[in-house]
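Participant: If you want the building blocks of each chain, they are given just below.
Protein chains: 2
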Amino acid sequence: MQTPFRKIVIFGVGLIGGSFALALRKANAVGEVVGFGRRESALREALQLGVIDRIGQSEAEEVRDADLVLLATPVGQMAEIMRRIAPHLGESTLLTDAGSTKSDVVAAARENLGVALSRFVPAHPIAGAEKSGAAAALADLYQGRKVVLTPLPENTPAALARVRFAWEQCGATVSELSAGQHDRVFAAVSHLPHLLSFALVHDIAQKSERDLLLSFAAGGFRDFTRIAASSPEMWRDICLANREALLQELDSYRAELDRLRVALASADAEKLETIFAVAREVRCRWQADESGKEK
Amino acid sequence: MQTPFRKIVIFGVGLIGGSFALALRKANAVGEVVGFGRRESALREALQLGVIDRIGQSEAEEVRDADLVLLATPVGQMAEIMRRIAPHLGESTLLTDAGSTKSDVVAAARENLGVALSRFVPAHPIAGAEKSGAAAALADLYQGRKVVLTPLPENTPAALARVRFAWEQCGATVSELSAGQHDRVFAAVSHLPHLLSFALVHDIAQKSERDLLLSFAAGGFRDFTRIAASSPEMWRDICLANREALLQELDSYRAELDRLRVALASADAEKLETIFAVAREVRCRWQADESGKEK
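Protein sequences, first through last, are from chains A and B.
Residue numbering for the first sequence is 16 to 310, as defined by this note's numbering.
Residue numbering for the second sequence is 16 to 310, as defined by this note's numbering.
Heads up, none of these hints are tricks.
Identical copies carry no separate label here, and so any pair may be met within one copy or between two of them.
Quick list of in silico lysine-lysine cross-link-like pairs, DSS-like style, CA-CA up to 30 Å:
| id | residue 1 | residue 2 |
| --- | --- | --- |
| 1 | 22 | 146 |
| 2 | 161 | 222 |
| 3 | 308 | 41 |
| 4 | 308 | 146 |
| 5 | 286 | 146 |
| 6 | 22 | 161 |
| 7 | 161 | 41 |
| 8 | 222 | 308 |
| 9 | 146 | 222 |
The set of hints was computed from the structure by calculation and includes no laboratory data.
Given the structure is predicted, the values throughout are model-derived calculations rather than measurements.
With the hints as constraints, model all of the structure from the sequences given.
Facilitator: Structural data, given as structure tokens:
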């Protein structure tokens, strides 16, 4: 039987970290939430909005008696935070993160967390929005969403169960993958689509007729490019962090486009229709499965 | 001052043709609507739903006294319909179409319409949905949407004005491009995104881990691939009909991906961020412009 967390420390009180705080509070699963972050204004906003109870002053002192530390900063900043807080973590303080890539976060943890490594359970909440910042945080952001844990061999069953409990209290459906598996999966279904969407808009942006083109863009363009409005810094970091898996997916996709080009150039109607039909069937089945899960 | 159409004949009473009929009826802009189509069941459904008033029996007789003929079939069928009805068209019967490509429809019209060519004003309503068929038809499908006319040099001002009136009565905002311009624009902002979306889902569908991958696909994948649920037959035809312009756009995009791959492989953070930032800015500005227009 899991009990509420007495005190949680969150690094990065934006959409992801802020929603974690709000969700646990709503579930009566946390006593006090202390926030750290690079921008003072963001911390003050989070405080004013009631997302956090206090702005942390000393990392060393705050993590000493924390039940749980959440790293909700960009992945690129996590290694340095781990390095700074590792010597000060309480003996039973647990850690989790919210990074979109996992192999690199695990590598950073192995390098920097020392004995606390067994208490770090990496996590990736599959939730996001174009909006960012504490003002966009929602208590139900994780409701019904997936959270993937990529436990380490070093994790104790108790640590794993407790971190799982935290994410479940946020309303998420928690599953487990290896870090490598996780990164391959998300390269294919998330990182590559983002790259392709950015690429399409950038390609159009370079054309002399771009204003004419955009004036006739409609619903298909809108949906296809919605994710091209995502944060450039965040996606730069994700692409670099998951570079190897992403390159592999990108090359697989480029080969697919090469085949499509041949079919198109040779007016191979049957080949085109087959490709489209397979895609449509898989997409429709996926949609049906997703709708089924929501019920 | 334009008066209502006494009688309109529609070839293809699905989503596009059916919505045209319902919209004109709602605007009190049409007396009688007669439908033709390849599938008897579709015609009966359209009749039962009140989308059309009658199922046509003789094309020759029905087009003789029609004010307006709308070709709302797949583009691939239009040439043959034009060939069949051309000898029977009344002297003042106007024609328009709803094809997603225009150079090929114009070529078919030049080949098949004879003296009626001056009364054919090609049109492309920028409206669609994943659903198809008369049951999906809506009186307000074109409300606030764009319709692009690609008038021919042969069109009389009166014919152009009257066809424009028909689409405006549907609630659409009507603009004009040349057929070539139209096809370049839609290759870039519509046909290529569809091709890319089909390609992504097809690529994933070929992988041995595909079920695992799809089980973690989320919002980004959903939006990016919504258009991969579109009709394979329709998109096969569009891709073939607009092959030259689409190949050009596809090659431009593949070159863009090649550049992105270099940036990614060399971990060029600045280059990646710049590409993403330009894309984001253009996408956000487009969205803001679109929202502005809707007000």
